[in-house]
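*Asks:* Chain order of the listed sequences is D and V. Under this note's numbering, the first residue of the first sequence is numbered 1, with each subsequent residue one higher. Under this note's numbering, the first residue of the second sequence is numbered 301, with each subsequent residue one higher.
If you are wondering where the hints come from, they were derived from the structure by calculation, not from laboratory data. Just so you know, these numbers come straight off a predicted model, no measurement behind them. Don't take every hint at face value.
Claimed, not checked - A partial selection of chain V residues facing chain D, derived with a Cβ cut-off under 10 Å:
1) Ser-315
2) Tyr-553
3) Val-555
4) Ile-557
5) Ala-558
Beta carbons: idealized from backbone N, C-alpha and C, even for Gly.
There are 2 protein chains.
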Amino acid sequence: MIECVPNFSEGRDLSRVDAIETAISNVAGALVLNRTSDPDHNRSVITFAGQREPVIEAAVRAAAKAAELIDLNTSRGIHPRVGALDVLPFVPLGNSSMKDCIEIAHAAGRRIWHELGIPIYFYEAAALRPGRARLEDVRRGQFEDLREAAPIDPARAPDLGGPALHPTAGAIIAGARKLLVAFNINLKTSDLGIAKAIAKSIRASSGGFAAVKSLGLPLASRGMVQVSMNLTDFEQTPVHVVYREVERLAGVYGVEIAGSELIGLMPRKAIEMAFADSLKLAHFGAQSVLENQIDMLMPK
Amino acid sequence: MIECVPNFSEGRDLSRVDAIETAISNVAGALVLNRTSDPDHNRSVITFAGQREPVIEAAVRAAAKAAELIDLNTSRGIHPRVGALDVLPFVPLGNSSMKDCIEIAHAAGRRIWHELGIPIYFYEAAALRPGRARLEDVRRGQFEDLREAAPIDPARAPDLGGPALHPTAGAIIAGARKLLVAFNINLKTSDLGIAKAIAKSIRASSGGFAAVKSLGLPLASRGMVQVSMNLTDFEQTPVHVVYREVERLAGVYGVEIAGSELIGLMPRKAIEMAFADSLKLAHFGAQSVLENQIDMLMPK
Numbered sequence: 001m002i003e004c005v006p007n008f009s010e011g012r013d014l015s016r017v018d019a020i021e022t023a024i025s026n027v028a029g030a031l032v033l034n035r036t037s038d039p040d041h042n043r044s045v046i047t048f049a050g051q052r053e054p055v056i057e058a059a060v061r062a063a064a065k066a067a068e069l070i071d072l073n074t075s076r077g078i079h080p081r082v083g084a085l086d087v088l089p090f091v092p093l094g095n096s097s098m099k100d101c102i103e104i105a106h107a108a109g110r111r112i113w114h115e116l117g118i119p120i121y122f123y124e125a126a127a128l129r130p131g132r133a134r135l136e137d138v139r140r141g142q143f144e145d146l147r148e149a150a151p152i153d154p155a156r157a158p159d160l161g162g163p164a165l166h167p168t169a170g171a172i173i174a175g176a177r178k179l180l181v182a183f184n185i186n187l188k189t190s191d192l193g194i195a196k197a198i199a200k201s202i203r204a205s206s207g208g209f210a211a212v213k214s215l216g217l218p219l220a221s222r223g224m225v226q227v228s229m230n231l232t233d234f235e236q237t238p239v240h241v242v243y244r245e246v247e248r249l250a251g252v253y254g255v256e257i258a259g260s261e262l263i264g265l266m267p268r269k270a271i272e273m274a275f276a277d278s279l280k281l282a283h284f285g286a287q288s289v290l291e292n293q294i295d296m297l298m299p300k
Numbered sequence: 301m302i303e304c305v306p307n308f309s310e311g312r313d314l315s316r317v318d319a320i321e322t323a324i325s326n327v328a329g330a331l332v333l334n335r336t337s338d339p340d341h342n343r344s345v346i347t348f349a350g351q352r353e354p355v356i357e358a359a360v361r362a363a364a365k366a367a368e369l370i371d372l373n374t375s376r377g378i379h380p381r382v383g384a385l386d387v388l389p390f391v392p393l394g395n396s397s398m399k400d401c402i403e404i405a406h407a408a409g410r411r412i413w414h415e416l417g418i419p420i421y422f423y424e425a426a427a428l429r430p431g432r433a434r435l436e437d438v439r440r441g442q443f444e445d446l447r448e449a450a451p452i453d454p455a456r457a458p459d460l461g462g463p464a465l466h467p468t469a470g471a472i473i474a475g476a477r478k479l480l481v482a483f484n485i486n487l488k489t490s491d492l493g494i495a496k497a498i499a500k501s502i503r504a505s506s507g508g509f510a511a512v513k514s515l516g517l518p519l520a521s522r523g524m525v526q527v528s529m530n531l532t533d534f535e536q537t538p539v540h541v542v543y544r545e546v547e548r549l550a551g552v553y554g555v556e557i558a559g560s561e562l563i564g565l566m567p568r569k570a571i572e573m574a575f576a577d578s579l580k581l582a583h584f585g586a587q588s589v590l591e592n593q594i595d596m597l598m599p600k
């Protein structure tokens with residue numbers, strides 16, 4: 001089983017997101033597990049899963065529907081993006097491997113370029129060039145900069161197709177990666193500087209926590225600011241550890257946390273790790289949970 | 301499916317607990333999900349599950365093996381007890397009902413009395429008399445007092461059999477109840493008065509949290525004291541809420557929490573509730589967890 005978590009550059013007109021979700025769920029064997037939209041980010045994340053072939057088919061249809069409905073020339077949110085379907089990660093679940101997901105990312109990318117004419121960058125474990133593993137490096141300058149650079153700068157040209165971006169749908173950054181936790185903490189302040197300072201303190205690239213990416217963003221519709229995070233290895237740096245540090249740093253500024261939001265789904269292990277830690281529970285793990293034991297031991 | 305969580309008055313000689321566990325797991329269709337032993341409590345809890353008939357059969361065999369191996373005249377721990385197999389609760393899981401569990405408790409009790417000669421008290425939802433719903437009322441004075449009272453005081457006589465207790469195995473308190481969370485918080489002090497005061501503050505019977513039972517106990521083997529708890533309705537009073545109050549109260553005495561311990565298994569929902577609360581996660585529930593969505597939506 002493979003998980004696919006495409007991000008779309010539309011989080012306001014939900015009828016468009018409905019249409020994209022329908023394009024995915026119409027593929028037999030592709031099961032939509034979650035959908036999260038945000039109007040300030042102007043972005044939606046759909047989580048679906050299935051076997052290799054339906055997952056590839058659904059990814060291609062999602063890219064086609066996004067390209068039909070989203071025009072990056074007129075669509076903008078606070079979240080950086082280069083494509084109508086912006087990021088297309090494949091994640092191994094159960095018995096599937098990262099190698100499977102790399103092959104699937106490459107196969108989906110080839111179909112999207114050949115069938116839809118949208119150029120592809122490969123990132124994370126599916127990257128084909130040095131310097132393209134990190135999403136933020138590939139996406140630097142967003143659609144507006146990349147469409148200028150890609151045709152003339154070989155270092156920024158797509159891995160497949162182009163070199164010009166698609167005029168309205170941009171490019172797709174496809175890849176293979178481990179499970180990721182995307183979550184945002186909203187602060188009871190409109191001071192964007194505080195969110196940016198906290199984001200800088202916690203992110204790996206500034207010497208913060210390993211496997212943490214973060215941005216400080218304004219939430220215009222809510223009059224607050226947000227520390228927006230991707231935890232790319234929640235076993236190395238757990239969700240609750242990052243939460244507590246953001247809470248501590250916000251306290252230094254005299255600011256409270258208004259709440260946090262999950263984008264997509266939370267892996268069960270991240271929840272169990274937080275529980276064990278927050279209750280100082282000795283010897284607690286997956287085997288300590290009633291339903292886990294029933295699922296594991298009971299004959300089906 | 302029915303869960304059964306017998307408590308045995310032996311937590312030191314683990315070869316005896318092994319023998320009891322084997323008696324249960326030898327019943328086809330009875331699956332042992334967890335086993336927890338504590339030397340200070342001198343008590344072990346085995347969690348198993350299955351359909352009605354194997355669960356009753358395993359309960360009877362467990363009672364027989366416990367009666368064979370445990371003599372209450374020579375066995376004592378800090379945890380109160382009236383039987384070698386002390387408490388025998390049946391819990392509805394999945395599609396089974398409390399009514400099913402009441403019938404099962406009564407059926408298991410009848411077999412134990414008729415086949416093993418151990419008298420039975422029925423408690424919680426399976427109670428047959430007013431004043432016997434609460435375990436602590438039935439168990440008042442433990443084995444040593446109850447064996448004197450039962451033969452002469454009709455108010456304390458068993459519901460089935462007796463009225464004299466079994467000379468070495470005492471009596472069994474069988475019942476039907478909802479899922480319960482049993483957990484203990486250990487304090488970095490040897491002052492038993494602090495554990496007793498905290499236990500009194502939090503328990504329902506002293507005006508504390510609803511659906512919380514608690515005792516302050518000494519942990520001789522570890523030089524600490526313990527707040528030992530049963531949460532009989534973790535949706536009404538969540539585990540993490542009780543933990544935080546114990547932490548706060550301990551802080552008032554200048555005492556730290558050394559750690560906590562789970563007895564048996566934790567229901568998944570209790571963990572998800574704690575996670576949502578501790579991270580102030582909006583709209584978080586079972587549907588926010590990757591594996592839950594896969595289990596629910598994926599064809600088997």
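*Asks:* Could you run down the list of hints and mark each one as holding or not?
*Replies:* Going through the hints against the structure:
no., hint, in the structure
1, Ser-315, "21 Å, violated"
2, Tyr-553, "17 Å, violated"
3, Val-555, "14 Å, violated"
4, Ile-557, "6 Å, holds"
5, Ala-558, "8 Å, holds"
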